[in-house]
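Those protein sequence lines, which keep their order, are chains P and E.
Each step along the first sequence adds one to the number in our numbering, with nothing skipped, and position 75 is 75.
Each step along the second sequence adds one to the number in our numbering, with nothing skipped, and position 101 is 101.
Please keep in mind that the hints were generated in silico from the structure rather than gathered at the bench.
Keep in mind that the hints are not guaranteed to be accurate.
One copy or two, either will do: identical chains are not told apart, so a pair holds if it fits within one copy or between any two.
[Unchecked claim] Derived DSS-like pairs (lysine-lysine); straight-line CA-CA distance at most 27 Å:
#, residue 1, residue 2
1, K162, K204
2, K162, K214
3, K272, K313
4, K144, K55
5, K88, K198
6, K104, K363
7, K55, K2
8, K383, K214
9, K198, K242
10, K330, K383
11, K225, K169
12, K170, K55
13, K97, K330
14, K100, K313
15, K104, K330
16, K87, K125
17, K100, K162
18, K198, K104
19, K97, K204
20, K125, K100
No experiment lies behind these values; they were computed from the predicted model shown.
2 protein chains.
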Amino acid sequence: MKAEIISIGTELLLGRIVNTNAAYLSQRLAELGIDVYYQTTVGDNPHRLAQLVRKALIRSDIVMLTGGLGPTVDDITIRTLAAMLGKKLVLKRSILKNIKRHFKARHLAVPDGNERQAYIPQGAKWVANRVGTAPGIIIEHRDKVLICLPGPPRELQPIFEKGIVPYLKKNFRSGYVFRTRTIKTTGLPESQINIMVKDLLELKPPTTVGIYAKLGEVDLTIMAKAKNRIAAEKAIAVIENKIRSRLDKYIFGYDEETLEQAAGHRLIAENKTIAVAESCTGGLISSRLTDVSGSSRYFIRGAVPYANEVKVKHVGVSAETLKRYGAVSKQVALEMARGIKSIMHVDVGLGVTGIAGPTGGTKSKPVGLVYIALVTDEVSMVKEFHFVGSRADIKWQTSQAALDMIRTGI
Amino acid sequence: MKAEIISIGTELLLGRIVNTNAAYLSQRLAELGIDVYYQTTVGDNPHRLAQLVRKALIRSDIVMLTGGLGPTVDDITIRTLAAMLGKKLVLKRSILKNIKRHFKARHLAVPDGNERQAYIPQGAKWVANRVGTAPGIIIEHRDKVLICLPGPPRELQPIFEKGIVPYLKKNFRSGYVFRTRTIKTTGLPESQINIMVKDLLELKPPTTVGIYAKLGEVDLTIMAKAKNRIAAEKAIAVIENKIRSRLDKYIFGYDEETLEQAAGHRLIAENKTIAVAESCTGGLISSRLTDVSGSSRYFIRGAVPYANEVKVKHVGVSAETLKRYGAVSKQVALEMARGIKSIMHVDVGLGVTGIAGPTGGTKSKPVGLVYIALVTDEVSMVKEFHFVGSRADIKWQTSQAALDMIRTGI
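Just chain P, with the same shape it has in the complex (with noise of 0.2 Å):
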């Protein structure tokens, strides 16, 4: 089963929108085990388009087209395939309610134009929009199909998932599915990374695995291709086996797990608290931390004191200290980590510095050099960084590693 992923927008070409559907559509027509072939973008210009269908229906089964739904002239999309059809357009009443009930709702009349998304060719099925107005469309064509879904990703979204998804799992049935697994890690370099699974990322099809670094973080991905779900979920188990006995501590989360709740878990596990005292990130952990919901069951209190005063006053860093070792130092971080700690009574206290440029770097406390202290009862630890990159690269690395020191650590 092949299918191809048609854009239509002038503002794609002009490149004022990154194209995410095409990303988004593709990775659900793999897990759905079709196959695409090609993605392309064109502009809102009738003859392009027609050109470019005509020549999908020939290489491909199935042609998602995406925008060009809109209410205005400049949308073409309908009309264009209508007419490369030879199919009428014909007024479905019931989408022409859904357009009126969507501008009722906002207490606003219906603009002119926007009853011309209530056309569709005569013989296509439709998918309700629930967010916007342009419904999803389907035009069979001999033993092809044409499906048109509107621009906005949060349109697109619900009326695929939703309307598209179950019609094609009725009409194009591959014989096979595909799953994937992701594998998060942090605290190791791609380059190591590679060498430890080197001969997983080499495996070819149905199985493969596939290596992403992201800042402050190389996710593996393992995709499986197989008769069923029960057969492609045993290939990534194989292999996902293998992986955790390789990079074991490395790995924080799965799939769509972040490391803010890796680190949220953990404090729940353990039944602690937790206070953060950071400097350079200028509130990010506390901020990642608290993007979990339900964290403030164990976050009691984020501190960013920015200036040495404040890391004195009230984060309880002697003044001594500072002086002699310095605002970026593992002296003062500990001190951070104790002081926030015992001032709020909890369990864990997290002590960040760091110098995160670009400028307020030396010769011996470089831009990107970072302290991050953890103390709680049983263990005090501190551990210096060098960071490379933008201030927010830095300051995105230091709360990456600071979270894994939680997750890791407590």
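Starting from the known structure of chain P, arrange chain E on it as the hints suggest.
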């Protein structure tokens, strides 16, 4: 002058990666006055790639190819093009030297296969890669040109800017230039701005205006095509003045400027220091304020008093106010702002409390209810907001509103 972009990589067709290169190159080519007519993605398949390039050489003057320049056998771009054009691959010693230098700087041996990247089609030009190992390659073919760039954006972008832009300017002068100007606003919904600039959104080329809604922000982008830079900038200035007079105080910045920068500029201009006590945003406001290099000039301290006791003990909220009005109330926001201002002896105190959800809401205090208070020696104000969306959405919108209160309120 017509161009098209061909992105090569099975990981794109699997939806594992979002194609940001196509948007980047499209935007930059538009700015150079070069129209992009197609963006196409194909997998690591020599046959389909050759077919597509053949077609592209007929319909376009400039064919940009991204990806497939890596050291493995899956990287097919150069071999496919050389075979297609009947050109031999020749070793370039200076590219090889660059590859060796790259690994030496990382204390690594040159891995098997990387030497392949030093072979380019006979007669081709190349542009050094200062970040990775694959060079940019320029292949002139009759009156057309094929330009190959490595897939990773952080390698592609510098090669494009330093090597390809000068080449295109010299060889493919289009006779016109393209300029854009983005005007960034916050505080008004998209629908409202739509009405206020409706006539401008309907403008036709050569000067047009686009509207782009983000979370807590609406951007307007003016695009002008003209004979030369001065004419384009003049055309933009005319529209920009109209937008400025209509949206006025809702405009916080232009082009790459961020709201946290705008807030910082205001603090510097007023020569004021600030401290932040934020509860529901969990440190996000402090983190964004300190994302600005040099923010230590005005940002003194952030506090994330998550637990109620902490609000009382460390930020100066009275236990009575907490009991009487609840943690999420106008009164507590104000006391947080006043408290942090007086404890820290700063000029501006910001207090933020709210319910980020998804749990914790009640009928009288639903998820999304947020109070932001700003206190200076002169003014004392508190605003109530009702945001919708996920926990992260509500946090972000709150930080937008808070930064904007700093920008406009001091």
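message = One pair to classify: K383 and K214, alpha carbons no more than 27 Å apart. Within, between, both, or neither?
response = Result: close within a single copy only, 22 Å intra versus 38 Å inter.
ask   = What label fits K330 with K383 when the C-alpha limit is 27 Å: within, between, both, or neither?
value = within (8 Å within a copy, 42 Å between copies)
key: Homo-oligomer pair classification [K2, K55; C-alpha up to 27 Å]   = both (13 Å within a copy, 21 Å between copies)
message = Cα distance capped at 27 Å. Does K198 pair with K242 within a copy, between copies, both, or neither?
response = within (12 Å within a copy, 59 Å between copies)
query = How would you classify K272 and K313 at a CA-CA limit of 27 Å: within, between, both, or neither?
reply = both (26 Å within a copy, 21 Å between copies)
key: Status of K204 relative to K97 across identical chains (alpha carbons, at most 27 Å)   = neither (51 Å within a copy, 32 Å between copies)
task = Classify it for me, K225 with K169: is the Cα-Cα distance of at most 27 Å met within a copy, between copies, both or neither?
result = Result: close within a single copy only, 16 Å intra versus 47 Å inter.
ask   = Is it within, between, both or neither when you check K198 against K104 at 27 Å Cα-Cα?
value = between (58 Å within a copy, 21 Å between copies)
task = Could you figure out if K87 and K125 sit no more than 27 Å apart (CA to CA) within one copy, between two copies, both or neither?
result = within (13 Å within a copy, 51 Å between copies)
query = Within a copy, between copies, both or neither: where do K97 and K330 come within 27 Å Cα-Cα?
reply = neither (65 Å within a copy, 41 Å between copies)
inquiry  = I want to check one pair: K170 and K55. Are their C-alpha atoms no more than 27 Å apart within a copy, between two copies, both, or neither?
reply    = within (25 Å within a copy, 36 Å between copies)
query = For the identical chains here, do K100 and K162 meet the 27 Å Cα criterion within one copy, between copies, both, or neither?
reply = Within one copy only: 22 Å inside a chain, 52 Å across chains, cut-off 27 Å.
This entry does not satisfy hints 1, 5, 13, 14, 15, 19, going by the numbered hints stated previously.
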